[in-house]
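K.L.:
Residue numbers (the working numbering): 1 to 311.
Treat the hints loosely; a few may be bogus.
Listed next, with one range per pair, are the computed distances between beta-carbon atoms [claimed, not checked]:
1) T29 <-> S230: 38 to 44 Å
2) R214 <-> M96: 42 to 48 Å
3) R82 <-> L119: 38 to 44 Å
4) Q215 <-> L119: 50 to 56 Å
5) L274 <-> D203: 38 to 44 Å
6) D178 <-> P30: 38 to 44 Å
No lab work stands behind these hints: they were computed from the structure.
Ideal Cβ placement from N, Cα and C applies to all residues, glycine included.
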Amino acid sequence: MHYARVILLTSMLAASALAGKADACGDLTPQDRTRLAQYVAKQYRIPERAHIQLREQTVVNDLCYRRLVFQGEGPLGKMELRLYASPDLRFLSTDMLDSRVDPGEQEMQEARQLMGRLLEGEYAARGPENAPLTLVVFSDFQCPFCRRMQQILATEPLLIEDRSVRLVFRHMPLAQHDWAEEAARAAACAQFQSQAAFWHLHDALFVNQNRISRQNVTDQVFELAAKTPSLEIGQFRTCVERQMSFGAVVRDRELGARAGVTGTPTLFLNGEQLPGISDPAQFHEILADALRREKAREPAPQRGGIAGALR
């Protein structure tokens, strides 16, 4: 009970401090919000149908700089744009650089924060939870580049042998693909039952990608599901037919949109977005280099002791 009171008091004090800071700097008027949203729409050529609005504003320091979050409806669902405003609201910038903060440390902190958001909620994953590297993949079962990426992942030694990487899958069916959404919902239904069932169906959907079409996707999904070990087909069929996994797919897609994902496959390694992967050798070198850097951050072991854990 004592700890609960401490936590509640701490939360109240933090909220009070934020409110005091906002009061000292003054709140934005409705006219300010409208003017800023209109300016951003014109500056970034955002179409009127996106209905861009200023949804959040946070005072970030005692000088009254503000962090502004604009939201609207984009081609992949909800779109989000974050900008910083000068105290007089005259100047807007995508970054606010503090010369007193080490850029390397700030980059690491931002990557950790993004990784925290990417790992919110439920998701399909394989590999040790304490692996030094976590790779988050936003993918689309109808995307040919995603199929190629799946083939690269399936042969990567650090994933299948060394187990130094934890692989996390996020659904990102694109609007231009006519059967990707249904395949994603089916894979999510398998995911509801077990990780093993999801990954088996995941691999099967990519292997059979060229056989699947808008006309036969339902039959193909159930045919592949019937060959999936440990999948209770009756429960799976109910989930698919009632679209019980619809929310899980939408959640992943919105998560990707907030993280800046605009196409598939998009990969994040420990919170840092990777460039386009062209071949297995390039991908392996990226992972190996990241693993070397992670191990370099690990505290040196003391004699007779145990090495510090990787972050």
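K.L.:
For this structure, which hints from the list above don't hold up?
P.N.:
Hints 1, 3, 4, 5 are the ones this structure does not satisfy, whereas the remaining hints hold.
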